[in-house]
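Q: Throw the hints in and build the complete structure from the sequences for me.
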Amino acid sequence: MLAADLFFTLFGVISYTGCSIWFLYAVPRNRESFRWFRWAAWGIYTALSIILPTLWLNDAITMPVMAASYLAIIWIFYHRSRTWILYGLIFYMVIYGAQAMGIYLTVELTKLFQMDIHTFSYAMSVLKGTFMAAATFFMRFLVQKRQASDQKNLRIRGMILVPVFSMILLFLYCISGNGFFQKYGYGWVILCSVLLLIINFYCLYVWYDLAENRELKHRLEMIRKQNEITHQYYEDMEKNYEDSRKIIHDIRNHLNILEQSVQEKNSSYFQDVHGMLNSLGMKFYTSNRILNIVLNDKLKRLDPEQVECNLGEAALDFLADADVTTIFANLLDNALEAGEGKEGFWLKIRGDKIQDFTVVKIWNPSDGEYQPGISGKKGHEGLGLENVKQAVEKYQGNLSVEQKDGIFCVTAVFPGNS
Numbered sequence: 003m004l005a006a007d008l009f010f011t012l013f014g015v016i017s018y019t020g021c022s023i024w025f026l027y028a029v030p031r032n033r034e035s036f037r038w039f040r041w042a043a044w045g046i047y048t049a050l051s052i053i054l055p056t057l058w059l060n061d062a063i064t065m066p067v068m069a070a071s072y073l074a075i076i077w078i079f080y081h082r083s084r085t086w087i088l089y090g091l092i093f094y095m096v097i098y099g100a101q102a103m104g105i106y107l108t109v110e111l112t113k114l115f116q117m118d119i120h121t122f123s124y125a126m127s128v129l130k131g132t133f134m135a136a137a138t139f140f141m142r143f144l145v146q147k148r149q150a151s152d153q154k155n156l157r158i159r160g161m162i163l164v165p166v167f168s169m170i171l172l173f174l175y176c177i178s179g180n181g182f183f184q185k186y187g188y189g190w191v192i193l194c195s196v197l198l199l200i201i202n203f204y205c206l207y208v209w210y211d212l213a214e215n216r217e218l219k220h221r222l223e224m225i226r227k228q229n230e231i232t233h234q235y236y237e238d239m240e241k242n243y244e245d246s247r248k249i250i251h252d253i254r255n256h257l258n259i260l261e262q263s264v265q266e267k268n269s270s271y272f273q274d275v276h277g278m279l280n281s282l283g284m285k286f287y288t289s290n291r292i293l294n295i296v297l298n299d300k301l302k303r304l305d306p307e308q309v310e311c312n313l314g315e316a317a318l319d320f321l322a323d324a325d326v327t328t329i330f331a332n333l334l335d336n337a338l339e340a341g342e343g344k345e346g347f348w349l350k351i352r353g354d355k356i357q358d359f360t361v362v363k364i365w366n367p368s369d370g371e372y373q374p375g376i377s378g379k380k381g382h383e384g385l386g387l388e389n390v391k392q393a394v395e396k397y398q399g400n401l402s403v404e405q406k407d408g409i410f411c412v413t414a415v416f417p418g419n420s
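First residue of the sequence shown: 3, per our numbering; consecutive thereafter.
In case anyone wonders, no lab produced these hints; they're calculated from the structure.
Among the clues, some could well be false.
Unchecked claim - In silico DSSO-like pairs for lysine-lysine, Cα to Cα no more than 30 Å straight-line:
| no. | residue 1 | residue 2 |
| --- | --- | --- |
| 1 | K363 | K350 |
| 2 | K227 | K300 |
| 3 | K302 | K355 |
| 4 | K300 | K355 |
| 5 | K344 | K302 |
| 6 | K391 | K147 |
Stated by the list, open to error - Pair by pair, the computed Cβ-Cβ distance ranges are:
| no. | residue 1 | residue 2 | range |
| --- | --- | --- | --- |
| 7 | I170 | G45 | 47 to 57 Å |
| 8 | D323 | W24 | 52 to 62 Å |
| 9 | A136 | C411 | 29 to 39 Å |
If you're wondering where the values come from, they're calculated on a predicted model, not measured in any experiment.
Virtual Cβ for every residue (Gly too), placed ideally from N, Cα, C.
A: Now the structure itself:
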């Protein structure tokens, strides 16, 4: 009998601590620590789970101390994250509710089967361990499927109140309902525990959607600000080009007069000056003024023989200036970054009108591997493509990305009613 008592006592302790550890490995930890310190902390945690109930038999003391210990272990050794503080609190509420369900279900079974004190203790250990393992498995599943990232603009204070109030309600329900339970049975406290677990699981489920929604709003706001800055840059550049054209026009008139007034032997000098002035002017790639400025700004980084640009057949006047900047500045930045410092790099840009569709295609060699949704410094690998896709879809268009035989190609197709 003593061996059985010891076995089931160890079973209960190991189940409690084991589930607590198992949950924290739902995702890889982001804290590196000495293994011995980590296991020493778990030893203290396990000891507290035995000593506190033995000394006081009061959940009002045991629950806060154990919850604080668990959150401290999470923060120090596993996940330095505010979101994981919330997860830890909800998990502790789930464990507490699972234990309450195991205890009161054992009481109900005792009424049916007339179990003695030892059998009651063994059955309670088994049921508590079973419910804790099942609850931990479900919590791990939720966290792995719907893990919210830690965000500065995401507040968790309100959400923390849900598991805290749930534990308080369950505690008060248990200590104040003895007369009620004796009359109507302990099934009601089991039902209360189940409902509180469901509430906490649902709050965890909603928390993910809230975090994702905030993150999406933040990203959209950053994209909007970036687009505004880029568009303002090209508007300022257009103004500078216009001012430069006026100055160059006047200087060219003066040179023509000077050229006619000097001897023939100095004509090569004036040709060189005219060539310098020509290099300061804008090349004409398209009738779209903003797109022309973007192309001049980006393509000046390449030698003329590296670029083939033909947009004559593509009428892009339906695009707003800001969207022209977003689409072409991002795509050209990606392409130029892919060819930075590489010999034999080339870039082709083509626009066509195919039936009722306007098609713009940009392609260039790239030795990187394209992975949708991933950004990086090498090759294209998704840099700005999400931003471009959103701008294209505003006009019911479609953006396709393809990499084949070392050639990276982006094609934007706009319907005729854009």
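Q: All the hints need checking, so say for each whether the structure fits it.
A: Hint by hint, here is what the structure shows:
1. K363 - K350: holds (8 Å)
2. K227 - K300: Given pair K227, K300 holds - Cα atoms ~21 Å apart, limit 30 Å.
3. K302 - K355: holds (27 Å)
4. K300 - K355: holds (24 Å)
5. K344 - K302: holds (16 Å)
6. K391 - K147: Distance of about 26 Å is within 30 Å: holds.
7. I170 - G45: 47 to 57 Å: Distance hint for I170, G45 is violated at roughly 29 Å.
8. D323 - W24: 52 to 62 Å: For D323 and W24 the Cβ distance comes to about 56 Å; the hint holds.
9. A136 - C411: 29 to 39 Å: Cβ of A136 to Cβ of C411: about 51 Å, so the range 29 to 39 Å is violated.
Checked against the numbered hints above, the structure breaks hints 7 and 9 and satisfies the rest.
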